[in-house]
Amino acid sequence: MSVAAPAAPQHIFTSDNTAGACPEIVQAVAGAAGGQDLPYGADPFTAGARARFAEVFEREVDVLPVSTGSAANALSLAALTPPWGSVLCHRDSHINTDECGAPEFFTNGAKLVALPGDDARIDPDRLRAAATRKAGDVHSVQPSVLSITQATETGALYTPDEIRALAGIAKGAGLRVHMDGARFANAVTTLGCTPAELTWRAGVDVLSFGVTKNGGMTADAIVVFDHALTPELSFRAKRAGQLTSKMRFQSAQLDAYLTDGLWLRNAAHANAMAARLGNGLKALPGADLLHAVEANILFCRLPQPVVNQLLAEGFAFYHDRWEPGVCRFVTSFSTTEHDVDTLLEAVRRLTT
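Just so we're aligned: 336 in the working numbering is position 81 of the sequence shown, and the numbers increase by one with no gaps anywhere.
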C-alpha cells in the first residue's frame, strides 16, 4: 500500500532560500555550458567575475567562489583566527546558532564568544570589554576576530558608522573583522550607501558575500580585502572541497548577479515585499510587529490559534523557534504582491 506524500505548502515564507534562481543567472549558467574551458578558476568567466567585484567594491579584491554561505563563513574565520583564538559574535548570529559547529570545526577549535545587543546587533560596550578580556593569558582563548552579520538575524541593519565604530574597537585591540553578508544586497539597497562604505572603508577585512538567497543557484563568495589572507584562504578552500574544477559555473552566476544592478533590483523587490507585509500587519489588531522592517525579514507575534490555522491552510513560516506565537516571515526576489496580500487577507480573516 503506497502512502501519499504530504501536500506541499502553497504559500512559503520560511526563507529566501526557498526561491528559485532568477532567469538571468540561469541563462548565464547555460551560456557557460558550451565548449571547453580551463578548470579551477583559470577560465574567462572567473576572470570576468573578479573584475566585476572590483568595480562594485571600487578597488582590487580577491574573490573565492564557494558553494554555500556556511563554507564562506567557516573558511573566512579559519583564516582570521588561530585554534586558540576566539570569534566575538552576536549570540543570535548565524555562525553561533545555525551552522552546526562548522566555524569551530574549520578553525580547529577556536571558540565563539557570544555577545548581546538589541536586534541581533552587537553592543559596542560589550564588545569593548570582550575584545581585551584575558588578552595574553595563556590559560584563556585569545580574542582574535570580530564577526558581524549584515543584515542581522532579525533583519536589522548596521549603518556604515556603526560598522566603523565596532571595527575600530576590534582593530584597536588587534582583532580582525569579518562580515557575514548572506543578505548583504538587502542591506545595501535599504541603506543607500556603496558596498565599499559598508565593508573595507569601515574596517572589514573579509566578507562572506551572499548570492544564493537573492537569486543564485549554487554560488556564494568570499571577498578578501586584505590580500595577505588570500594564500591561506586558497589552501583552506582546496582542503575543504570548495575549489571546484568547473568553477566557471559558479563564476558565471556571480558575474550575472553583479551585472546591470541585478543583485540590487532583486534585493529591492524582496525588501519592498517585506515592507508591504509589515505595513499590512501593523493595521491588524491581532498582529504585533516585533521589529522595524529594514530588510526582507519580519518578526511578529500572532495568537497561537491563528498560527495553527495558517499552517493548516498551507502557509509555511518559522513559528516554533522562539517564544510561543512569535513568527518569522521572509520574502524573496520572487515573492509577489499577490503572495503577500494572500497572507495578509488570511491573517485579517483569522484575527477578526
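FYI, nobody ran anything at the bench for these hints, they're computed from the structure. Be aware that one or more of the hints could be misleading.
[To be verified] With a straight-line Cα cutoff of 25 Å, these simulated SDA-like cross-link-like pairs (lysine to any residue) come out:
1. K389 to P415
2. K389 to P371
3. K501 to A527
4. K366 to S489
5. K366 to L566
6. K426 to A375
7. K537 to L517
8. K493 to T467
9. K501 to H524
10. K366 to D378
11. K426 to L566
12. K426 to W339
13. K426 to T473
14. K501 to F490
15. K493 to A483
16. K426 to P371
17. K366 to G496
18. K537 to L484
19. K366 to A390
20. K537 to T499
21. K493 to A390
22. K537 to A601
23. K426 to M472
24. K426 to T467
25. K493 to D347
26. K493 to P371
27. K389 to G458
28. K366 to T514
29. K426 to T514
30. K389 to T445
31. K537 to S589
32. K493 to K389
33. K537 to L566
34. K389 to T414
35. K493 to E315
> What hints, given by number in increasing order, does this structure fail?
Replying inline: Checked against the structure, the hints that fail are numbers 1, 3, 5, 7, 9, 11, 13, 18, 20, 21, 23, 24, 25, 26, 28, 29, 30, 32, 34, while the rest are satisfied.
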